[in-house]
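**Q** Chain residues, written in single-letter form:
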Amino acid sequence: MNSQPIRLPKSEIGRERRLHEIRKEAESRGNVKQPGVRPHGAPFPKASVETGYYGIPLLKPPPWTRAIPVYFFVGGAAGAAAVVSAIAHYTGADPKLVRDARLIAAAGAVVSPALLIADLGRPERFLDMMRVFKPKSPMSMGAWTLLGFGSAVSAATFAGFLRERYGPSFPVAVLENAGEAAAIPLGLGLATYTGVLIGATTIPVWNQNIVDLPWHFAASGLGAAVGLLELLGHSKSRALQGLGFGAALFEVWQGFRIESRRHADLNPLKHGPSGAMTRMGGVLSGPLPAALRVACSFASKNRAPSLRRWAALASIVGSFLTRVAWLRAGAASAQDWRAPLGAPGAQVGPDR
Amino acid sequence: MSTTAFLTDSTLCIGCKACEVACKEWNEVSDDGLDWSGHSYDNTGAVGALTWRHVKFVEEPPTPGLGGNAAGQSSWGFSSDVCKHCEVAGCLEACPTGAIVRTEFGGVLIQPDVCNGCAYCVVACPFGVVAKNEDDGRAFKCTFCYDRQKAGLEPACAKACPTESIKFGEIHQLRAEASERVRVLQERGMDDVALYDPTHTSVQGTHAMFIVRGDPRTFNLPPNPEAPTAYLKKGWISAALAAGTLLGGTLLAFIADGTRNAR
Numbered sequence: 001m002n003s004q005p006i007r008l009p010k011s012e013i014g015r016e017r018r019l020h021e022i023r024k025e026a027e028s029r030g031n032v033k034q035p036g037v038r039p040h041g042a043p044f045p046k047a048s049v050e051t052g053y054y055g056i057p058l059l060k061p062p063p064w065t066r067a068i069p070v071y072f073f074v075g076g077a078a079g080a081a082a083v084v085s086a087i088a089h090y091t092g093a094d095p096k097l098v099r100d101a102r103l104i105a106a107a108g109a110v111v112s113p114a115l116l117i118a119d120l121g122r123p124e125r126f127l128d129m130m131r132v133f134k135p136k137s138p139m140s141m142g143a144w145t146l147l148g149f150g151s152a153v154s155a156a157t158f159a160g161f162l163r164e165r166y167g168p169s170f171p172v173a174v175l176e177n178a179g180e181a182a183a184i185p186l187g188l189g190l191a192t193y194t195g196v197l198i199g200a201t202t203i204p205v206w207n208q209n210i211v212d213l214p215w216h217f218a219a220s221g222l223g224a225a226v227g228l229l230e231l232l233g234h235s236k237s238r239a240l241q242g243l244g245f246g247a248a249l250f251e252v253w254q255g256f257r258i259e260s261r262r263h264a265d266l267n268p269l270k271h272g273p274s275g276a277m278t279r280m281g282g283v284l285s286g287p288l289p290a291a292l293r294v295a296c297s298f299a300s301k302n303r304a305p306s307l308r309r310w311a312a313l314a315s316i317v318g319s320f321l322t323r324v325a326w327l328r329a330g331a332a333s334a335q336d337w338r339a340p341l342g343a344p345g346a347q348v349g350p351d352r
Numbered sequence: 001m002s003t004t005a006f007l008t009d010s011t012l013c014i015g016c017k018a019c020e021v022a023c024k025e026w027n028e029v030s031d032d033g034l035d036w037s038g039h040s041y042d043n044t045g046a047v048g049a050l051t052w053r054h055v056k057f058v059e060e061p062p063t064p065g066l067g068g069n070a071a072g073q074s075s076w077g078f079s080s081d082v083c084k085h086c087e088v089a090g091c092l093e094a095c096p097t098g099a100i101v102r103t104e105f106g107g108v109l110i111q112p113d114v115c116n117g118c119a120y121c122v123v124a125c126p127f128g129v130v131a132k133n134e135d136d137g138r139a140f141k142c143t144f145c146y147d148r149q150k151a152g153l154e155p156a157c158a159k160a161c162p163t164e165s166i167k168f169g170e171i172h173q174l175r176a177e178a179s180e181r182v183r184v185l186q187e188r189g190m191d192d193v194a195l196y197d198p199t200h201t202s203v204q205g206t207h208a209m210f211i212v213r214g215d216p217r218t219f220n221l222p223p224n225p226e227a228p229t230a231y232l233k234k235g236w237i238s239a240a241l242a243a244g245t246l247l248g249g250t251l252l253a254f255i256a257d258g259t260r261n262a263r
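Protein sequence lines, in the order shown, are assigned to chains A and B.
Residue numbers are given in my numbering: position 97 of the first sequence equals residue 97, and the series is strictly consecutive.
Residue numbers are given in my numbering: position 170 of the second sequence equals residue 170, and the series is strictly consecutive.
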């Protein structure tokens with residue numbers, strides 16, 4: 001570069017001086033007050049521990065589609081329904097209850113893989129999940145659990161259908177019992193693993209709740225399964241009433257756990273759209289059905305069934321909203337640049 | 001076939017973004033948008049599916065002496081960011097298809113012909129490096145120029161770097177070089193210089209180390225990155241207890257109900 005001063009045409013000298021003035025003003029005052037000059041923020045955008053790297057989030061939000069919360073709901077309900085069906089079967093409960101619970105599980109076993117495959121970036125490669133069996137990856141464990149669950153439940157459902165149509169026979173009974181027996185551990189896995197799946201990530205709000213999430217999701221799945229069965233006409237079953245009440249009580253406790261802990265990472269569960277949704281889902285799957293179920297045991301014979309239907313419906317909607325809320329909370333949590341940096345100034349939201 | 005690493009020395013970086021360009025050219029990565037961010041000269045923001053090398057600009061108002069600048073001149077800190085190629089990589093452990101592998105050079109590679117785009121690696125990365133390309137469907141990140149390394153060449157970014165801010169070499173040699181460089185800089189009076197290589201967490205060190213001035217958090221480098229597999233034990237124990245309770249509760253409910261019916 002030569003050091004000679006740049007010669008400007010006369011017409012440009014005034015404009016050049018103007019630029020110089022604006023620059024001086026920006027340096028001395030930190031902003032420019034001249035009309036028509038509106039720099040965004042300070043003239044020297046500053047990165048520091050307090051501001052982070054311009055507040056750009058370090059983590060990437062989960063890029064999952066809406067199919068994933070729907071899958072969490074369907075898979076959770078199906079898993080719990082399979083457990084209910086098997087236990088009802090082995091304890092000699094109403095065969096209609098066994099069959100309907102099994103149908104819910106079987107329907108879930110068909111819908112769940114479809115939802116998961118739809119969410120893949122390359123759906124035609126879904127079989128790549130079967131390339132490896134990887135205990136270190138909750139996603140791999142989930143894929144294998146779902147595959148096993150589908151096989152077990154469809155075997156039991158098919159055998160049940162054969163028995164009803166052509167009468168009992170030894171091979172059919174073997175198939176039905178084997179399917180039912182396998183559906184218990186696989187259904188339990190399906191109802192709980194999603195908690196580990198999102199808990200064992202770097203998303204702060206999920207990671208903070210890794211111990212709570214499997215319990216929370218199991219209770220949510222049970223509430224939905226019981227609700228569905230009650231809406232299918234099993235609103236006289238005391239076992240279902242007890243299970244529904246237990247699930248709702250647990251969700252009350254879960255709501256208390258979320259609301260009572262003060263931690264900046266939990267903000268997405270309490271504030272903003274994801275917070276509102278978490279609370280709505282919590283009320284619908286916890287206190288509301290619990291209260292309705294208590295009320296229905298004291299209500300008159302005419303009122304009780306309708307109260308129980310409302311409790312069932314609340315549990316189902318609550319379970320669905322809870323799953324959506326947790327995934328939205330995760331997306332909101334990933335936007336929090338402070339959490340992964342452990343940066344000062346993280347605001348714990350106001351308590352109410 | 002030795003274990004290799006990057007050492008990115010931000011005290012030598014001039015912010016020319018040649019590494020970004022070289023990476024895009026060699027790996028044929030398409031553009032990542034042409035938006036002005038207003039954050040100094042950084043208009044990309046972070047590494048992503050289409051940005052495998054990314055130069056960060058930390059801009060300081062005129063401070064006499066800072067960065068060796070004359071008074072009245074603003075000063076910059078630049079640092080070229082990249083996938084850290086963790087020793088214990090969250091993405092690799094989370095991948096359910098086995099698409100993400102450890103190469104013979106110690107790098108972490110997503111095999112694009114296996115990845116089915118489940119995106120679980122995206123939420124498993126403690127550095128927010130792996131990203132899903134929504135147009136393509138799969139997850140992408142720095143390949144550590146596996147193809148070039150296989151041919152005995154250094155990665156494109158290291159090759160293009162005009163100031164040797166990006167160093168590439170055998171990992172132990174590079175670690176020794178890094179501590180020597182930090183010592184020399186501190187001797188010269190840069191007492192805020194530090195080596196960023198998180199060996200104290202479950203990540204257990206990286207194959208992409210950084211020499212930065214000041215708090216690494218200023219450059220969006222997390223102080224305690226954890227491979228999320230570290231939480232698995234806690235999670236599965238909790239899941240087992242929850243499953244046991246669900247099973248026990250269901251059993252109890254139906255047995256209690258059955259006895260009542262029998263009465």
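Calculated from the structure, these hints are not laboratory results.
Everything numeric in this text was worked out from a predicted model, so none of it was measured.
A couple of the hints might just be wrong.
To be verified - Covered stretches of chain B (in silico footprint by chain A; criterion: 3 or more residues with CB under 8 Å from a CB of chain A, positions within the stretch not fixed): (1) 81-95; (2) 113-120; (3) 223-230.
Stated by the list, open to error - No more than 16 Å apart at the CA atoms, straight line, and that leaves these computed lysine to aspartate or glutamate pairs for EDC-like: (4) A:LYS236 - A:ASP100; (5) A:LYS136 - B:GLU170; (6) B:LYS233 - A:ASP212.
By construction, the Cβ of each residue, glycine as well, lies at the ideal position given by its N, Cα and C atoms.
**Q** Now tell me, hint by hint, if it's right for this structure.
**A** Status of each hint after checking the structure:
For the region 81-95 of chain B, the proposed coverage by chain A is satisfied: 4 residues have a C-beta within less than 8 Å of a C-beta in that chain, meeting the threshold of three. With 7 residues having a Cβ less than 8 Å from any Cβ of chain A, the region 113-120 of chain B passes the three-residue criterion, so the hint holds. Counting residues of the region 223-230 of chain B whose beta carbon lies closer than 8 Å to any beta carbon of chain A gives 6, which meets the minimum of three for the stated coverage. Under the criterion of a C-alpha separation no larger than 16 Å, the hint pairing LYS236 of chain A with ASP100 of chain A is consistent with the structure, at around 14 Å.
With a C-alpha separation of about 29 Å, the suggested pair LYS136 of chain A and GLU170 of chain B falls outside the 16 Å cut-off, and the hint is violated. Between LYS233 of chain B and ASP212 of chain A the CA atoms are separated by roughly 14 Å; this keeps the pair inside 16 Å, and the hint holds.
When each numbered hint is compared with the structure, a violation occurs for hint 5 only.
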